[in-house]
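Go by the hints and put chain L onto chain V.
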Amino acid sequence: MDAKGAPLPTPPSPNPSSGSASGAIDAPKPMLAFHFLRALSRVHAGPARRRTRTISRAAYSSMARAAGPRRAWSRALLRQAQARRSTTLASRRAAVLVRRRVAAGPAPPLALPRLTGRSSGSSGETSAARAPLLPPPPPAPRQAGEPARSDALRRLVPGGAGMEYCSLLEETADYVRCLRAQVQLMQGLADLFSCQ
Amino acid sequence: MSSRRGRITDEEINELISKLQALLPESSRRRAASRSSASKLLKETCGYIKSLHQEVDDLSDRLSELMSTLDDNSPQAEIIRSLLR
Numbered sequence: 001m002d003a004k005g006a007p008l009p010t011p012p013s014p015n016p017s018s019g020s021a022s023g024a025i026d027a028p029k030p031m032l033a034f035h036f037l038r039a040l041s042r043v044h045a046g047p048a049r050r051r052t053r054t055i056s057r058a059a060y061s062s063m064a065r066a067a068g069p070r071r072a073w074s075r076a077l078l079r080q081a082q083a084r085r086s087t088t089l090a091s092r093r094a095a096v097l098v099r100r101r102v103a104a105g106p107a108p109p110l111a112l113p114r115l116t117g118r119s120s121g122s123s124g125e126t127s128a129a130r131a132p133l134l135p136p137p138p139p140a141p142r143q144a145g146e147p148a149r150s151d152a153l154r155r156l157v158p159g160g161a162g163m164e165y166c167s168l169l170e171e172t173a174d175y176v177r178c179l180r181a182q183v184q185l186m187q188g189l190a191d192l193f194s195c196q
Numbered sequence: 197m198s199s200r201r202g203r204i205t206d207e208e209i210n211e212l213i214s215k216l217q218a219l220l221p222e223s224s225r226r227r228a229a230s231r232s233s234a235s236k237l238l239k240e241t242c243g244y245i246k247s248l249h250q251e252v253d254d255l256s257d258r259l260s261e262l263m264s265t266l267d268d269n270s271p272q273a274e275i276i277r278s279l280l281r
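Going line by line, the protein sequences match chains V and L.
Per the numbering used here, residue 1 is the first one in the first sequence, and the count goes up by one each step.
Per the numbering used here, residue 197 is the first one in the second sequence, and the count goes up by one each step.
Any given hint could turn out to be false.
Label-pair ranges, simulated between beta-carbon atoms [stated by the list, open to error]: (1) V:187 x L:215: 19 to 29 angstroms; (2) L:247 x V:30: 19 to 29 angstroms; (3) V:82 x L:215: 25 to 35 angstroms; (4) L:221 x V:46: 31 to 41 angstroms; (5) L:206 x V:195: 46 to 56 angstroms; (6) V:46 x L:214: 41 to 51 angstroms; (7) L:243 x V:96: 25 to 35 angstroms; (8) L:274 x V:101: 18 to 28 angstroms; (9) V:101 x L:266: 40 to 50 angstroms; (10) V:187 x L:274: 17 to 27 angstroms; (11) L:247 x V:98: 23 to 33 angstroms; (12) V:86 x L:236: 17 to 27 angstroms; (13) V:97 x L:250: 26 to 36 angstroms.
Derived, one-sided and incomplete: chain L residues facing chain V with beta-carbon distance under 7 angstroms [what the hints assert, rightly or not]: (14) 239; (15) 256; (16) 259.
Think of the hints as simulated: they come from the structure by calculation, not from any bench.
Ideal placement from N, C-alpha and C gives every residue a C-beta, glycine not left out.
Chain V with its partners taken away, still in its complex shape (with noise of 0.2 angstroms):
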C-alpha cells in the first residue's frame, strides 16, 4: 500500500478564500477543515448508529463555529446546536421555548423533513417531537419593495425570519459562500478516504 505516494487531492489550502473582495470575509478555509476534522473524528469514535445524520450535524456546526458569532446565520446554527446538545426532557424544554422567544422562524436544515428522504426513521425522533411544538409564522414581508420569494428564502437561511430584507441579503451571501466552501471540504474528504 502506496499510501505517501497515493494522489492526495488538493487539503485546504492555509490562503484566506478566494472571491472575498467583495468586502465580506468568510470563514477561513483551514478552520472551517479543524473543527469538521475534529468533529468527524468524535464521530468515529462513537456508536456507528445514525452517523450521516451526526456528520450532517457536525457539518453545520462546524460550519457555524468556523464562521463565529459575527454572522446571524451562524448564531442561529450555533443556538440549535445547543439546543440539541441539552438532552433531558426539561431542557429539551427549555430550549424549544428560548427557540420560540428567538422567533428563528426557519426550521433548522437538519430537522426538516424534506430532508429525510433516506433517514426518515431516525430523523422521525426529532422532528416528530419538535415540529408540534414550532408553529412556523409566516411572516409578512417587511419591506414595500420585498418580493414574496424572500419568505422561502428566509426559511433556508438560518435565522432569517427575523431579519430584515438587506441584512438577509447579505446573510444569504454569506451563507451560501461559507456552505459552498464545507461542501468542497466534504468533497475533499470524500475522495480522500475513498482513495485507499
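Chain L in isolation, oriented as in the chain V frame:
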C-alpha cells in the same frame, strides 16, 4: 451591522442582489438574464441553497459509509490525526 436602518435605497438592494447573483453557479447565471428580476434571482438562490443542503446530506452519507470502512491504522487516519495535533 448596517446603520442605515431608516431608508434602504433600491440601489443598495440591487447591489446586494447582484452580489448574490455572482455567487450562483455558472449554469444558473447563464440561464438568467443579466437583468433578471429580484424574484427570479431569489428563486435561483433558494434552489441553489437547497441543492447545497442536499449535497451536504449526500456527502454525510458517503462519509459515514467510508468511515465505517476506515481502519484505525490506515494512512488516512494518520493524516487526520496529524492535522489535528
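Each hint, compared with the structure:
Remark: the range hint 19 to 29 angstroms for residue 187 of chain V to residue 215 of chain L is upheld by a beta-carbon distance near 24 angstroms. Taking 19 to 29 angstroms as the suggested C-beta distance range, the pair residue 247 of chain L and residue 30 of chain V conforms, at roughly 26 angstroms. A hinted range of 25 to 35 angstroms for the beta carbons of residue 82 of chain V and residue 215 of chain L is consistent with their spacing of about 30 angstroms. Distance hint for residue 221 of chain L and residue 46 of chain V: a CB-CB separation of about 35 angstroms, consistent with the stated range 31 to 41 angstroms.
Between residue 206 of chain L and residue 195 of chain V the C-beta distance comes to about 51 angstroms, which sits within the given range of 46 to 56 angstroms. As the Cβ distance of residue 46 of chain V to residue 214 of chain L is approximately 44 angstroms, the hint placing it in 41 to 51 angstroms holds. A hinted range of 25 to 35 angstroms for the beta carbons of residue 243 of chain L and residue 96 of chain V is consistent with their spacing of about 30 angstroms. Take residue 274 of chain L and residue 101 of chain V: their Cβ atoms lie about 46 angstroms apart, and the range 18 to 28 angstroms is violated.
Taking the beta carbon of each, residue 101 of chain V and residue 266 of chain L are about 42 angstroms apart, inside 40 to 50 angstroms as hinted. Remark: the range hint 17 to 27 angstroms for residue 187 of chain V to residue 274 of chain L is upheld by a beta-carbon distance near 21 angstroms. Range check, residue 247 of chain L to residue 98 of chain V: Cβ separation about 31 angstroms, and the 23 to 33 angstroms hint holds. For the hinted restraint 17 to 27 angstroms between residue 86 of chain V and residue 236 of chain L, the CB-CB distance of approximately 41 angstroms leaves it violated.
A hinted range of 26 to 36 angstroms holds for the C-beta pair residue 97 of chain V and residue 250 of chain L, which are about 31 angstroms apart. Using the Cβ-Cβ criterion of 7 angstroms, the hint placing residue 239 of chain L at the interface with chain V is satisfied: the shortest such distance is roughly 6 angstroms. The interface hint given for residue 256 of chain L is met, as the beta carbon of that residue sits about 4 angstroms from the closest beta carbon of chain V, less than 7 angstroms. The beta carbon of residue 259 of chain L comes within 5 angstroms of a beta carbon in chain V, closer than 7 angstroms, and the hint placing it at the interface holds.
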